[in-house]
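2 protein chains.
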Amino acid sequence: MNIVLLSGGSGKRLWPLSNEIRSKQFLKLLSDADGGYESMVQRVYRQIVQAGIDADIVVATSATQVESIRGQLPDDVDIVIEPERRNTFPAIVLAASYLLSVKRMEPEETVIVLPVDPYVDVAYFEAFKQMDARVQQGGADIVLMGIAPSYPSEKYGYIIPGADGTVKGFKEKPDEAAAKMLIEKGALWNAGVFAFRLKYLMDIAGKYLESMDFSDVVKHYPDLKKDSFDYEVVEKTEALAVVPYSGAWKDIGTWNTLTEEMKEQSIGDVIMGEECVNTHVVNELSIPVVVLGAQDLVVAAGQDGILVSDKHKSSYIKPYVENIDSRPMYEERRWGEYKVYDYSKYADGTKSLTKHVTVNAGCAQDYHVHRYKDEVITVANGRGELVIDGCLMKLSRGDTISIRRGQKHAIRAFEDLQLISVQISEDNTEGDTEILDWSWSALQG
Amino acid sequence: MNIVLLSGGSGKRLWPLSNEIRSKQFLKLLSDADGGYESMVQRVYRQIVQAGIDADIVVATSATQVESIRGQLPDDVDIVIEPERRNTFPAIVLAASYLLSVKRMEPEETVIVLPVDPYVDVAYFEAFKQMDARVQQGGADIVLMGIAPSYPSEKYGYIIPGADGTVKGFKEKPDEAAAKMLIEKGALWNAGVFAFRLKYLMDIAGKYLESMDFSDVVKHYPDLKKDSFDYEVVEKTEALAVVPYSGAWKDIGTWNTLTEEMKEQSIGDVIMGEECVNTHVVNELSIPVVVLGAQDLVVAAGQDGILVSDKHKSSYIKPYVENIDSRPMYEERRWGEYKVYDYSKYADGTKSLTKHVTVNAGCAQDYHVHRYKDEVITVANGRGELVIDGCLMKLSRGDTISIRRGQKHAIRAFEDLQLISVQISEDNTEGDTEILDWSWSALQG
Numbered sequence: 001m002n003i004v005l006l007s008g009g010s011g012k013r014l015w016p017l018s019n020e021i022r023s024k025q026f027l028k029l030l031s032d033a034d035g036g037y038e039s040m041v042q043r044v045y046r047q048i049v050q051a052g053i054d055a056d057i058v059v060a061t062s063a064t065q066v067e068s069i070r071g072q073l074p075d076d077v078d079i080v081i082e083p084e085r086r087n088t089f090p091a092i093v094l095a096a097s098y099l100l101s102v103k104r105m106e107p108e109e110t111v112i113v114l115p116v117d118p119y120v121d122v123a124y125f126e127a128f129k130q131m132d133a134r135v136q137q138g139g140a141d142i143v144l145m146g147i148a149p150s151y152p153s154e155k156y157g158y159i160i161p162g163a164d165g166t167v168k169g170f171k172e173k174p175d176e177a178a179a180k181m182l183i184e185k186g187a188l189w190n191a192g193v194f195a196f197r198l199k200y201l202m203d204i205a206g207k208y209l210e211s212m213d214f215s216d217v218v219k220h221y222p223d224l225k226k227d228s229f230d231y232e233v234v235e236k237t238e239a240l241a242v243v244p245y246s247g248a249w250k251d252i253g254t255w256n257t258l259t260e261e262m263k264e265q266s267i268g269d270v271i272m273g274e275e276c277v278n279t280h281v282v283n284e285l286s287i288p289v290v291v292l293g294a295q296d297l298v299v300a301a302g303q304d305g306i307l308v309s310d311k312h313k314s315s316y317i318k319p320y321v322e323n324i325d326s327r328p329m330y331e332e333r334r335w336g337e338y339k340v341y342d343y344s345k346y347a348d349g350t351k352s353l354t355k356h357v358t359v360n361a362g363c364a365q366d367y368h369v370h371r372y373k374d375e376v377i378t379v380a381n382g383r384g385e386l387v388i389d390g391c392l393m394k395l396s397r398g399d400t401i402s403i404r405r406g407q408k409h410a411i412r413a414f415e416d417l418q419l420i421s422v423q424i425s426e427d428n429t430e431g432d433t434e435i436l437d438w439s440w441s442a443l444q445g
Numbered sequence: 001m002n003i004v005l006l007s008g009g010s011g012k013r014l015w016p017l018s019n020e021i022r023s024k025q026f027l028k029l030l031s032d033a034d035g036g037y038e039s040m041v042q043r044v045y046r047q048i049v050q051a052g053i054d055a056d057i058v059v060a061t062s063a064t065q066v067e068s069i070r071g072q073l074p075d076d077v078d079i080v081i082e083p084e085r086r087n088t089f090p091a092i093v094l095a096a097s098y099l100l101s102v103k104r105m106e107p108e109e110t111v112i113v114l115p116v117d118p119y120v121d122v123a124y125f126e127a128f129k130q131m132d133a134r135v136q137q138g139g140a141d142i143v144l145m146g147i148a149p150s151y152p153s154e155k156y157g158y159i160i161p162g163a164d165g166t167v168k169g170f171k172e173k174p175d176e177a178a179a180k181m182l183i184e185k186g187a188l189w190n191a192g193v194f195a196f197r198l199k200y201l202m203d204i205a206g207k208y209l210e211s212m213d214f215s216d217v218v219k220h221y222p223d224l225k226k227d228s229f230d231y232e233v234v235e236k237t238e239a240l241a242v243v244p245y246s247g248a249w250k251d252i253g254t255w256n257t258l259t260e261e262m263k264e265q266s267i268g269d270v271i272m273g274e275e276c277v278n279t280h281v282v283n284e285l286s287i288p289v290v291v292l293g294a295q296d297l298v299v300a301a302g303q304d305g306i307l308v309s310d311k312h313k314s315s316y317i318k319p320y321v322e323n324i325d326s327r328p329m330y331e332e333r334r335w336g337e338y339k340v341y342d343y344s345k346y347a348d349g350t351k352s353l354t355k356h357v358t359v360n361a362g363c364a365q366d367y368h369v370h371r372y373k374d375e376v377i378t379v380a381n382g383r384g385e386l387v388i389d390g391c392l393m394k395l396s397r398g399d400t401i402s403i404r405r406g407q408k409h410a411i412r413a414f415e416d417l418q419l420i421s422v423q424i425s426e427d428n429t430e431g432d433t434e435i436l437d438w439s440w441s442a443l444q445g
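For the record, the sequence lines run as chains A and B. Residues 1 to 445, numbered by the working numbering, are exactly what the first sequence covers, in order. Residues 1 to 445, numbered by the working numbering, are exactly what the second sequence covers, in order.
Don't read these hints as lab results, they were simulated from the structure. Just to be clear, a hint being listed does not mean it is correct.
Copies of the same chain look alike in the list, so a pair counts if it works inside one copy or between any two.
[Claimed, not checked] Here are the simulated BS3-like cross-link-like pairs (lysine-lysine), alpha carbons at most 30 Å apart as the crow flies: (1) K263 x K408; (2) K345 x K207; (3) K408 x K394; (4) K226 x K408; (5) K225 x K185; (6) K394 x K318; (7) K394 x K373; (8) K263 x K318; (9) K345 x K394; (10) K129 x K373; (11) K28 x K129; (12) K207 x K219; (13) K339 x K12; (14) K373 x K339; (15) K129 x K394; (16) K103 x K408; (17) K394 x K199; (18) K28 x K339; (19) K318 x K103; (20) K263 x K339; (21) K226 x K394; (22) K408 x K199; (23) K263 x K226; (24) K339 x K351; (25) K103 x K168.
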């Protein structure tokens, strides 16, 4: 079995913790099995393993999310980068072509596609085995997962079941009365989970592309119709089946719904007065948050900003934060993370950027060069080494390195390295990082 | 006329903006005449000038407040530093001895003493002229200011007036019924404002000290009784008079009372949803604060932390914040200011401290040395110079200086200097700054 996780766009609904780089699925706010915290994507991965599913996992996402995924999931999870955001049909075709031509999967194998951020029980993933069996047994080209409805929702799509687990039809967003009738007839919510044989999708994609070779699909990606998988594939498929799932299924994409799933009232350095009622506080900053006499509030403090909101009003955050124009102040990287302490623009247009950079023990940055910015790095703690224009030097506490624009460099850590970096540039700094073709393994060569 | 401003202790009632270094009277939260913001101490100074009072002004305070006062008040305001905190009687004697022996004031001159943070109208200071006249006309050794009560408060002291503006007696904290009766009889609140001839206080202080020379008073400060001026002087004086004042008089020492005087709903980078009711937000951080659907809330964000509180509950903040053990994250200095970005302690006991330091154009640090910490300074913007172990070097954007422990140094700015400083120490860093006897004027010599 192969699993394709669709890791969707960023969104600012969980501002200030989510930003263009860090989508909501990467926020570590859910309690994990060991008393710590895990993100939605880590929870899904853990539950797949827990359900005893033996599958190759591919995440289809955009380039901006690669570092976060690398930082949160094991290395054996593959990542397929969408050349551009086009909707779920092209993204799933891309992942399928990767499985076929790069991973050399058999065309008859089952692929199960799902969003990366459902908040569900392990049973949801256990149902994958039935979906796989149903695909392999034949007679259905697409097998859907159907969620047992908990109320007559007007915002979901309903799957109307036929005999023997087949699908008779669909009903999108019915009104409440219609939804009640559908539920009485055994209709299920469409969860956006699809199982099919690799081959089935490849045939459909053949309408748009000549070659299913991964590099060709990347090259001709714009030729794939910008449509949803539902619309382009599911609705045009006649032989459909559905496997029901009746456990928890939630979208925890707003502060209101997310805090319902938080086990504790607060995460981080938080002091709450006794009189606080139905209030949740998440603090990612290193300074304390004190909350007194709050009712139905969510307080979230992160490098990008601070939110104080009535819980219900928190769903309407979008217009208030979409015009906040700032660079992301926190980024998780494959090799560690960084926090921006200060980003200043001076009268003559020069900018300075002060960051706290952590390079995790055993990890290394790519060899890279900045064309427009000079950088001064001070080592606050840890041990590692720096390659600069091909020369190697050891780094330890108190060392300072001045890296001029045009100097190629990279750092790796033997022990966790805490670095303070000050970058100064006279021009646009965004995107001023060119990754070079050199590897640390060259040093051992 | 001489004015002595008593600049009292710190207190954490306006946490996170007030801390051990920055007392509430230094917070710039009140609207000034030019559409900007001023602190309580700046407001008092401005009102003294506005009232047309021609007086020498001395601030009696502790050493921790000197830099804040120097940063906020003009240089012609004198500062007298209490060798230790002992209560108002010793502090006022100290200031009086300074006026007498350092400023060479006549013993017959009037001194008016007041707290540095009353929130009042200009008329309050205009009343000083009557108080001065009353002192000089003779017949009263102490002239008090009496505030016209606005309600039968149980928490203030009442002055019971006699004939011709004399004082018949006092009543401390009466119950409400008694307060009502006192007010009917014309009693006034005791505002803690005292006027007297220098000589009068010097005679009383003579009980404790042999010499009224300022340096002697400093030396024998512990011999002065640790008592309030009210108890030690006012209550023992028979010839008392009172001058009434009937304008605004408020203690704005809690978030609840302070926000009542804020002209705007928010200060700093704040986005408020339309549905916010009776909510005030003060943001001193460089990241935005978004507040949605809040009611009766105060939100304050500063380098030391973040407060979200119901307005009424905000008066009970003390127990929640008194155990927050952190170094002050913001300090105003005579020459500029600094913000702490990060303060980390590592496994082996080493500490690193990352600060953003601003040295204002034309200002200079004292020549100083750290015995236990190394420092790396990067110039993010501006121009200035550095003296290090007697050598002079120019500073401009992008420069990095490594200052090892034991190296004497100081920086001065030609244009506002923005510096990122990383200090690393293996031992206790608090108090590790020794000011040296050297002056920038030596360079010109």
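- Task: State the violated hints by number, sorted upward, taking the hints as numbered earlier in the document.
- Result: Those not satisfied are hints 1, 2, 4, 5, 6, 10, 15, 16, 17, 19, 21, 22, 23 and 25.
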